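> Take a look at the letters that make up each chain.
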Amino acid sequence: MLEIHELFAKVEGKQILNGLNLSIKPGEVHAIMGPNGSGKSTLGNVLTGRAGYEVISGDASFNGKNLFDLEVEERARDGLFLAFQYPVEIPGVSNMEFLKASVDARRKHLGLLDLSSFDFMKLARESSQKVSLDPAFLKRGVNEGFSGGEKKRNEIMQMMLLEPSLCILDETDSGLDIDALQVVAAGVNAMRSSSRSFIVVTHYQRLLDYIVPDYVHVLSQGKIVRTGDKELARELEAKGYGWLEEEGV
Amino acid sequence: MSEQVESLIRKEYAAGFHSAIESDTLAPGLDEDTVRFISAQKQEPEWMLDWRLKAFRAWQEMAEPTWAHVHYPEIDFSSISYYSAPKSMKDRPKSLDEVDPELIATYEKLGIPLHEQAALAGVAVDVVFDSVSVVTTFREKLREVGVIFCPISDAIREHPELVKKYLGSVVPQKDNFYSALNSAVFSDGSFVYIPKGVRCPMELSTYFRINELNTGQFERTLIIADEGSYVSYLEGCTAPMRDENQLHAAVVELVALDDAQIKYSTVQNWYPGDKEGKGGIYNFVTKRGVAHKNARISWTQVETGSAVTWKYPSCILKGDNSVGEFYSVALTNNFQQADTGTKMIHLGKNTRSTIVAKGISAGRSNSAYRGLVRINPTADGARNYTQCDSLLIGDRCGAHTFPYIETKNASAVIEHEATTSKVSDDQLFLCQQRGLDAEKAVSMIVNGFCREVFKELPMEFAVEAGKLLEVSLEGSVG
Ligand SMILES: Nc1ncnc2c1ncn2[C@@H]1O[C@H](COP(=O)(O)OP(=O)(O)O)[C@@H](O)[C@H]1O
Ligand SMILES: [Mg+2]
Numbered sequence: 001m002l003e004i005h006e007l008f009a010k011v012e013g014k015q016i017l018n019g020l021n022l023s024i025k026p027g028e029v030h031a032i033m034g035p036n037g038s039g040k041s042t043l044g045n046v047l048t049g050r051a052g053y054e055v056i057s058g059d060a061s062f063n064g065k066n067l068f069d070l071e072v073e074e075r076a077r078d079g080l081f082l083a084f085q086y087p088v089e090i091p092g093v094s095n096m097e098f099l100k101a102s103v104d105a106r107r108k109h110l111g112l113l114d115l116s117s118f119d120f121m122k123l124a125r126e127s128s129q130k131v132s133l134d135p136a137f138l139k140r141g142v143n144e145g146f147s148g149g150e151k152k153r154n155e156i157m158q159m160m161l162l163e164p165s166l167c168i169l170d171e172t173d174s175g176l177d178i179d180a181l182q183v184v185a186a187g188v189n190a191m192r193s194s195s196r197s198f199i200v201v202t203h204y205q206r207l208l209d210y211i212v213p214d215y216v217h218v219l220s221q222g223k224i225v226r227t228g229d230k231e232l233a234r235e236l237e238a239k240g241y242g243w244l245e246e247e248g249v
Numbered sequence: 250m251s252e253q254v255e256s257l258i259r260k261e262y263a264a265g266f267h268s269a270i271e272s273d274t275l276a277p278g279l280d281e282d283t284v285r286f287i288s289a290q291k292q293e294p295e296w297m298l299d300w301r302l303k304a305f306r307a308w309q310e311m312a313e314p315t316w317a318h319v320h321y322p323e324i325d326f327s328s329i330s331y332y333s334a335p336k337s338m339k340d341r342p343k344s345l346d347e348v349d350p351e352l353i354a355t356y357e358k359l360g361i362p363l364h365e366q367a368a369l370a371g372v373a374v375d376v377v378f379d380s381v382s383v384v385t386t387f388r389e390k391l392r393e394v395g396v397i398f399c400p401i402s403d404a405i406r407e408h409p410e411l412v413k414k415y416l417g418s419v420v421p422q423k424d425n426f427y428s429a430l431n432s433a434v435f436s437d438g439s440f441v442y443i444p445k446g447v448r449c450p451m452e453l454s455t456y457f458r459i460n461e462l463n464t465g466q467f468e469r470t471l472i473i474a475d476e477g478s479y480v481s482y483l484e485g486c487t488a489p490m491r492d493e494n495q496l497h498a499a500v501v502e503l504v505a506l507d508d509a510q511i512k513y514s515t516v517q518n519w520y521p522g523d524k525e526g527k528g529g530i531y532n533f534v535t536k537r538g539v540a541h542k543n544a545r546i547s548w549t550q551v552e553t554g555s556a557v558t559w560k561y562p563s564c565i566l567k568g569d570n571s572v573g574e575f576y577s578v579a580l581t582n583n584f585q586q587a588d589t590g591t592k593m594i595h596l597g598k599n600t601r602s603t604i605v606a607k608g609i610s611a612g613r614s615n616s617a618y619r620g621l622v623r624i625n626p627t628a629d630g631a632r633n634y635t636q637c638d639s640l641l642i643g644d645r646c647g648a649h650t651f652p653y654i655e656t657k658n659a660s661a662v663i664e665h666e667a668t669t670s671k672v673s674d675d676q677l678f679l680c681q682q683r684g685l686d687a688e689k690a691v692s693m694i695v696n697g698f699c700r701e702v703f704k705e706l707p708m709e710f711a712v713e714a715g716k717l718l719e720v721s722l723e724g725s726v727g
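Each protein sequence line maps, in turn, to chains F and C. If you read the first sequence in our numbering, its first letter stands for residue 1, the second for the next number, and so on. If you read the second sequence in our numbering, its first letter stands for residue 250, the second for the next number, and so on.
Rather than coming from a laboratory, the hints here were simulated on the basis of the structure. Any given hint might turn out to be false.
Stated by the list, open to error - Pairs of lysine-lysine residues, derived as BS3-like cross-links and limited to a Cα-Cα distance of at most 25 Å, are as follows:
| hint | chain 1 | residue 1 | chain 2 | residue 2 |
| --- | --- | --- | --- | --- |
| 1 | F | LYS100 | C | LYS704 |
| 2 | C | LYS567 | C | LYS542 |
| 3 | F | LYS108 | C | LYS716 |
Treat the numbers as computed from the prediction; the structure is a model and nothing was measured.
The following block holds chain F by itself, in its conformation from the complex (with noise of 0.2 Å):
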């Protein structure tokens, strides 16, 4: 799904990510934890090729392809979701207009007919109570106005949409209560499949009690510095990330 090889990055001049190595297979789950500024988000800004995060060297391919080949677009449409830590809004654009268009996009690129605005809608009706939103917000601007809790449900309903094959979730537990954690946490559950792989940038074991990772990575300055499985989380939820420095790893 995704292979990436001693990647060095850098943004405004400052290098961050400093040889990342990382491998993963369809199905599986990835959780990535690590100290603020470690590189996390920047992990996902780089693989989904925002603009300002420069590859220094390293590859990353992204079921077979170049990721670093493609334009921010064309990963989005091959498959690739990053569910923001901080949703911006676009004032004046319909959630409903701006999904559609992007569920379109992706289904022009696997070759499949645009959805009739009727069965979008409905689709979107159901998607949208998966992850308790009121269908109201789909007439709304994007993110215009919404809360915190609010946005990080309209990313999940995003990715519900757009069935993605590699989720990438920035803290999308952040912010949230634990009512609004349990609903995103259910979302994502639904979506595990064999064929589609996560993603979980968090700082928080208590997510993980809910989606359950296969591996958990801990990141400091810009590379993985140990891997482990969901009992490496509970142990930096009781130790915090100082004894991993401290062995120097």
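Knowing the structure of chain F, use the given hints to seat chain C with the ligands on it.
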């Protein structure tokens, strides 16, 4: 802001070509004989010629205004030709079959649907899609209910009593430099009269097209909605690509008598000039309406064209309880300049006005909103709401707002809101991460920004306006 956004804006003008239609064009120059020539061409009665000459003499004494936030080289009014009529238009077409095929080919290049082509060719059409039957039935339909919709030159001959009474009653000849010039040399335009209590059964639409080199275009439009009547009028404009600048100085007058409603929508796409700022239309327009008791006048405009725009559709809220509305989208790109806005003059009691102005600047363009809200001492209980939003694309463009408020009545309630925002890289990235290409993303973001104005446009026009924005913005990201 990224270069991405910048390069999306660079896009060829889709309407820029010149049709080889034969025309009668008057040699450049302006004096009393020019005015007499135009009047004679139109077979006008003596009173009309006198009216024009009076305007011409006033104009000679006036100076070009310089207060607007626009810059352009001095216009040599003697180098302009003031009259051009395509030969095939001498006898106005009664249906599309009678229209010069060259002209039709021109419209097809513009991608204008058949029913709109008819409108462009001077044949009035409503917005129903089945255009052919509409073309043949609309005149009868209008005649049945007593609506007059014709070229203003016909109205001068056929309805002199209405023209004499109302022409210049809203925009006097001497109102300003360009209105005086227009009053002297206007070549054509539309005349509409809606009788008492009649709801005009179709949207009336007129397209104007400047096709001759070095030709000034001076339309004169007069719309009279008699008591309790309703009309929606649509105006669209395109012009071919030229290296020379061309002058367009129109005057539009609206009269909404007691309880009447006039909705006037414009999509203006005159040639804006090229990427280096060469060529383009100077669009100096005076539009004004007077609303009598309980009447309502709504101006909705989408301005994407012209090198320089100078335009302030205004409402004089004369009657008690009258309502004025102004919904505007002005988009400037490359080297375009726009100074546009409105004036709401509250005279009657409990008069209300709403202003929603959206300015979009891209490239090296500059746009300014200039608005005046005046509450006169007689206007007890007047209210105004003004919302002025600017959207910047790239960082070499500018947006300016000049809101003037003059209140001479303490009971007035005036609200003003203004925002300036940018199409952000974050918004673009969100769209692209969801699979949209950059151009689609920018046009979607801009359309969202304009939503409040677009929803005021008749359905078909709203679609066209959206498309126009998309075309005007192409090349601004890449
Ligand atoms: N757009 C940016 N501009 C400047 N610095 C950035 C930008 N994005 C990230 N950084 C820097 O890169 C480092 C890693 O940030 P980030 O990837 O957001 O960390 P994390 O998500 O792990 O908290 C930080 O030092 C941060 O300041
Ligand atoms: Mg982060």
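> Next step is simple, just say for each hint if it's right about the structure.
Tested hints:
no., hint, result
1, LYS100(F) - LYS704(C), "holds (20 Å)"
2, LYS567(C) - LYS542(C), "holds (7 Å)"
3, LYS108(F) - LYS716(C), "holds (21 Å)"
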